[in-house]
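From just these sequences and the hints, can you work out the full model?
When you line the sequence shown up against mature numbering (1 follows the signal peptide of the UniProt record, and there is no 0), it's residues -19 to -1, 1 to 514, in that order.
What the hints contain is simulated information worked out from the structure, not anything from laboratory work.
For clarity, every value in this text was computed on a predicted model and none was experimentally measured.
Some hints could be false.
Quick list of in silico lysine-lysine cross-link-like pairs, DSS-like style, CA-CA up to 30 Å [stated by the list, open to error]:
1) K147 x K357
2) K144 x K357
3) K267 x K184
4) K37 x K489
5) K286 x K332
6) K357 x K332
7) K489 x K267
8) K147 x K184
9) K171 x K147
10) K123 x K70
11) K332 x K489
12) K184 x K332
13) K513 x K37
14) K286 x K147
15) K70 x K171
16) K332 x K37
17) K286 x K171
18) K123 x K147
19) K123 x K184
20) K70 x K144
Restraint-style ranges between C-beta atoms, simulated for each label pair [unchecked claim]:
21) K144 x P237: 23 to 29 Å
22) P237 x K147: 18 to 24 Å
23) N183 x S244: 24 to 30 Å
24) G354 x P240: 23 to 29 Å
25) C143 x D384: 52 to 58 Å
26) P59 x D493: 31 to 37 Å
27) Y150 x W454: 34 to 40 Å
28) P59 x T218: 35 to 41 Å
29) N215 x T276: 37 to 43 Å
30) D476 x N343: 30 to 36 Å
31) Q346 x N119: 31 to 37 Å
32) S244 x S117: 38 to 44 Å
33) S499 x W139: 55 to 61 Å
34) G349 x P237: 50 to 56 Å
All C-beta atoms in this analysis are idealised placements derived from N, C-alpha and C, irrespective of residue type, glycine included.
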Amino acid sequence: MASMLVGLAVMLSVATVLGQYDPNIAHGRPRSAYVHLFEWKWTDIALECERFLGPKGFAAVQVSPPNEHAVITNPLYPWWQRYQPVSYKLVSRSGNETEFIDMVTRCNNAGVRIYVDAIINHMSAAGMGVGSAGSSFNSNEKDFPGVPYGPRDFTDDWECTCKDGKIDYSVPACVRNCRLSGLPDLAIYKFHTRVMLRNYFNKLVQIGVAGFRVDAAKHMWPIHLNQLLASVNNLNTQWFPQNSRPFIYSEVINQPNEPITASEYTDSGRVTEFGYGKALSHAVLKGQALANLRTFGDGTGDNWKMINGAVAVSFVDNHDNQRGHGGGGNILTFRQPREYKIANAFMLAHKYGFPQVMSSYNWQQNYGFDSEGVWKDLNDFIGPPHAAGSPPGTTASVVITADGSCDRRVGWICEHRWRQITNMVEFRNVAGSGDQVHWWDNGINKIAFGRGAVGATTAFIAINNEDNRMNEWLVTGLPAGIYCDVISGNLVNGDCTGRRIQVFQDTKALFDISNIYSDNNDPIIAIHVNAKL
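Shown next as structure tokens:
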């Protein structure tokens, strides 16, 4: 009996230690992808969880930082003011604490978890001012009474050994001890600082938050971050099983020639794999053949150099790299809808990582040379759509049109509501943890593959990224029958609103994909067992 109890204790200990990798998905239907509703208001997110995300099978929402932030007027209310913390009061331009609690409750009840973007590496560098909750601050004096923080709670100046205090990314100590973009660097290893951060995390956990994206994790020492996160309370048992741990994924922009690597942070939880979207965008834009993606990220002798998919968060684009930040590369975004849909369809059909779907807002780009002579989008600072007639800086509500899309006249793009992306979330839910099977390619940019097992495939996708027609009989592994192509339509009341694909007894089906190049012509066919007539 004693040995059995010891064994049980060890099993529980292991489960607790490994809990930070678990996305804490709601029990019931499978859910395997989440969406970043960038800069949405809490009231709009609550509605979206109930009316769309829950019914469509999304696992979670990553929300913008909920804490008090600086209010920046030069430039006018930029997106990055959310990344200039003033205190941990839950009052931001997305809403107040009451609205935040209501959103978390309603989303959890709809089966959709909330992941908070946690800004814990630094505080605001906006000089003297008053934050979004009314707290005064003076970043020049490292004085943030709304927390409270004082000079002793920050990294000591002597710890930054780089010239002029500027970060040299070839020196890990400089990356982790110096100020990121001039932002006062929090010493998360100091007792008072750690208590304040732990209190913030614990408050969010008690409200019902399921996990955290750790912003700028690369700029903190892995051991300090691990110790802080390990001290956070277990999740609220109103929605989560007893002893559930917060889901953690750290933002680490790993560059090929830098000494700091993403794998250094996997002890704390999962890590954002920036190389995934960069390589996938490169392939879809024909920088290399799609056929090469057969081994994408699977570690079997390929040269992708990505972290293990079991500890990765995958994405095509995010709020940083769609603005030209976050490691460079020609990243696909909503501005190239045809190619963007190809990339997202592949990501959601592919097994690698825990995928994030991006949901953006539009801004008018303006390319030119900045003050340092770099050619860039000079409007990359622009914040979310503003509400007409409201106090300055008020975020506009999301408006849903009769066809289920977001009203782009307001400025919200809502890629997660594009049918071709929404339905691929369900494709991934159906595919589950199944392996990649029945791969086919023409050696260049026509590919197809299934998910599941040989003889028990549950989903199949074909992509034509060439300038000529694809007309191929392919082995799908699916049961015989007629399926709705979920790219061109839906299964509604027992019929397909888009294309029908017939799978015969030998599991083969004809995949006829046009080469007509337009944003409205999707060069993809995707079928799965839940869309079978």
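Against the 30 Å threshold, does the CA-CA distance of K286 and K332 hold or violate the hint? holds (16 Å)
Holds or violated: K37 to K489, with C-alpha atoms at most 30 Å apart: holds (29 Å)
Within a Cα-Cα threshold of 30 Å, do K123 and K147 meet the stated pairing? holds (18 Å)
CB of S244 to CB of S117, is that within 38 to 44 Å? About 41 Å separates the Cβ atoms of S244 and S117, which means 38 to 44 Å holds.
Regarding the pair K70 and K144, is the alpha-carbon distance no greater than 30 Å? Given pair K70, K144 is violated - Cα atoms ~35 Å apart, limit 30 Å.
Could you say whether the range 18 to 24 Å given as a hint is met by the Cβ separation of P237 and K147? holds (22 Å)
Hint check for S244 and N183 - Cβ pair distance inside 24 to 30 Å: holds (28 Å)
Regarding the pair K332 and K37, is the alpha-carbon distance no greater than 30 Å? Measuring from Cα to Cα gives roughly 19 Å; hence the hint holds.
Does K171 lie within 30 Å of K70 when you go C-alpha to C-alpha? The given pair, whose Cα atoms are some 21 Å apart, holds under the 30 Å limit.
Is the hinted pair K267 and K184 satisfied, with a Cα-Cα distance of at most 30 Å? Violated - the C-alpha atoms of K184 and K267 are around 47 Å apart, more than 30 Å.
Verify the proposed pairing of K286 with K147, using a straight-line Cα cut of 30 Å. With a Cα-Cα distance of about 29 Å, the restraint between K286 and K147 holds, given a limit of 30 Å.
Pair hint outcome, K147 versus K357 [Cα-Cα no greater than 30 Å]: Roughly 22 Å separates the two Cα atoms, so the pair holds.
In this structure, the earlier hints numbered 3, 6, 8, 12, 17, 20, 26, 27, 34 are contradicted, and the remaining ones agree with it.
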